[in-house]
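Visitor: As you go down the protein sequences, you meet chains A and B in turn.
Residue 293 in my numbering sits at position 246 of the first sequence, with consecutive numbering throughout.
Residue 88 in my numbering sits at position 86 of the second sequence, with consecutive numbering throughout.
Simulated from the structure, these hints should not be mistaken for lab results.
Beta carbons: idealized from backbone N, C-alpha and C, even for Gly.
Any given hint could be a false lead.
Only part of the chain B face toward chain A is listed, based on derived beta-carbon distances under 7 Å [stated by the list, open to error]: (1) K55; (2) P118; (3) M141; (4) P173; (5) N227; (6) L228.
Simulated pairs of lysine-lysine, BS3-like, Cα-Cα distance not exceeding 25 Å [stated by the list, open to error]: (7) B:K277 <-> B:K165; (8) A:K300 <-> A:K169; (9) B:K65 <-> B:K165; (10) A:K92 <-> A:K161; (11) A:K194 <-> B:K65; (12) B:K140 <-> A:K280; (13) B:K65 <-> B:K80; (14) B:K63 <-> B:K140; (15) A:K92 <-> A:K300; (16) B:K165 <-> B:K4; (17) B:K263 <-> B:K277; (18) A:K162 <-> A:K256; (19) A:K300 <-> B:K241; (20) B:K140 <-> A:K194; (21) A:K92 <-> A:K256; (22) B:K140 <-> A:K161; (23) A:K300 <-> B:K263; (24) B:K80 <-> A:K194; (25) B:K63 <-> A:K194; (26) B:K165 <-> B:K63; (27) A:K300 <-> A:K280; (28) B:K263 <-> B:K248; (29) A:K256 <-> B:K277; (30) A:K162 <-> B:K263.
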Amino acid sequence: MNIAVLSGKGGTGKTLIAVNLAAIADSALYIDCDVEEPNGHLFFKPQDIRSEEVAVEIPVVDDTLCSGCRTCVDFCRFNALAYINKRLTVFENICHSCGGCTLFCPENALHEEKKNIGSVEKGFSSGVTVYSGILNTGEASGIPIIKRLLSISRADHPGLCLIDCPPGSACIVMETIRDADYCILVAEPTLFGVHNLNLVYELVRLFNKPFGVVLNKCFEGEENPSEQFCLAKGINILGRLVFDSELGVINSKALIAVREINRYKVQFSSLLTRVLKEAQYEAVVNP
Amino acid sequence: MKQLLILSGKGGTGKTTIASAFIRLATARAYADCDVDAPNLHLVMNWQNEPEKSDYYGLQKAKINQDLCTRCDLCWQKCRYDAITLNDQYRVDPYNCEGCGVCEVLCPAGAITLKPAVAGELILYCEENQVFSTAQLKMGSGTTGLLVTEVKKQMRERAGEVKLAIVDGSPGIGCPVIASLNGADLVLIVAEPSVSGISDMERIIRTAEIFNMQIAVCINKFDTNLENTAVIEAYCAEKGLPFTGKIPFDPEAVRAINHGKTIVEWACPSGSAVKKVYTRTIKLLFDESDKPFTGTPGPGNRK
Chain A
48 MNIAVLSGKG
58 GTGKTLIAVN
68 LAAIADSALY
78 IDCDVEEPNG
88 HLFFKPQDIR
98 SEEVAVEIPV
108 VDDTLCSGCR
118 TCVDFCRFNA
128 LAYINKRLTV
138 FENICHSCGG
148 CTLFCPENAL
158 HEEKKNIGSV
168 EKGFSSGVTV
178 YSGILNTGEA
188 SGIPIIKRLL
198 SISRADHPGL
208 CLIDCPPGSA
218 CIVMETIRDA
228 DYCILVAEPT
238 LFGVHNLNLV
248 YELVRLFNKP
258 FGVVLNKCFE
268 GEENPSEQFC
278 LAKGINILGR
288 LVFDSELGVI
298 NSKALIAVRE
308 INRYKVQFSS
318 LLTRVLKEAQ
328 YEAVVNP
Chain B
3 MKQLLILSGK
13 GGTGKTTIAS
23 AFIRLATARA
33 YADCDVDAPN
43 LHLVMNWQNE
53 PEKSDYYGLQ
63 KAKINQDLCT
73 RCDLCWQKCR
83 YDAITLNDQY
93 RVDPYNCEGC
103 GVCEVLCPAG
113 AITLKPAVAG
123 ELILYCEENQ
133 VFSTAQLKMG
143 SGTTGLLVTE
153 VKKQMRERAG
163 EVKLAIVDGS
173 PGIGCPVIAS
183 LNGADLVLIV
193 AEPSVSGISD
203 MERIIRTAEI
213 FNMQIAVCIN
223 KFDTNLENTA
233 VIEAYCAEKG
243 LPFTGKIPFD
253 PEAVRAINHG
263 KTIVEWACPS
273 GSAVKKVYTR
283 TIKLLFDESD
293 KPFTGTPGPG
303 NRK
């Protein structure tokens, strides 16, 4: 059972929800797919870490073989190759690793070499198996890391898996929810929050994923635009987390609330029970 | 034109809240929202007139003509993005296709062509003295960096000669962020005093440094964890990064936003604090202009 936790907007509490649900569950898997800014490992502080580099293929030219025909330059739609001063130059940062230039070079002057763009780490934290993907700074795309994360974690674990998604609704988020059986949308009670909730709402509907919403940082007695949105659209509200400065402090110290205070343990247990019930129920409706 | 770019690494630290306050304080004549994935700035800018909208074409997408396909399987074998799917027919998954064109060249039957695809919408609010450029990426699309470049280009072209432009960035450190660095004279990082916030701040600072950007830091919600606030200030001092101030956590800020107002149009503590941050940041942006500055960030054109 893969449960993805997502939100269009950043900072709504994706990591808070995903980490605490994984920590409260019995031997769950937690996968941090926010490879640009991974934070889950700061909370879990996993032990026995095993790390694996993730690499992409980058073309390398053999100048003695290159005839200057510019077949590769003309082919590359990303403009990652240029023939300047009678020499072929590869712009690694722009290259999408499609392999076309190497494939179509009539002189076989190009070959590919691996270039590390980041890593995947696996570790353990009191019964939770923790996977994190980390994109190197300066690299543009974390998608190869996410693909690697999801493939190894899939092979690793048949049980409950919580996937902490990156913010937004672009390709990188899609990649993470592709395999999800259920999606938890985390929303803030602001105008910004509801606008971005609408985006991920459309995304999960586009991919036909069963989903529910957790309303985070709710102020008692205040207007909650995200809640109004859910009610108007008939969206399942899985739970409400009231704004709570104690939880805020615990979270800002990168501590796991359910491991610190019993009250949060009770709260997240009931949220998890609800989510699992919904997820299985939905799975029957929408196999 | 001096360009101020607001970034944070971590999401939800208050980029848009601070950018919108700066825009009001400066009565900025040019500004842009580069968080094309989840744009919010328009929600508090209250433009009454309709924006100009235009389709944004990202990279092309492959299409297979089933009448010509001989099922040779070459496209499936050579596609690096798992974009060719095979059930009863060979098809292209448009969400995975990056438009590289390998399959088009390879196909011996000439069954594959690359076709233009709309990947989002460019939006421009325009008045005599003011330009606001923004966009909305199409759901699940992948060419975020290119769209960011287009948003900034649209702002520059339509604004003409203005002194200051304020650009609201996107979270993370990847392609849209790298694209937004291009042309910025100063990057203001909005940090948050949490362990996650500090980790993310360090990563965005490293990214900006790779592209030789000039960087300043401010802290939002500083009183939610004073120890971590001290850590951030010490980090800036150690790295010699200019620190432009602290803004308190403020429930009134939420009320302001929910009324479609910026925090400087609402009587609240965060509104007063942001004014000081603004003054120091703007001073930095214009004072440094005399010094030789070598910031020429690289790849603005990826994806």
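Visitor: Of the hints stated earlier, which fail here?
Guide: 1, 2, 6, 9, 10, 18, 21, 22, 23, 26, 27, 29 and 30
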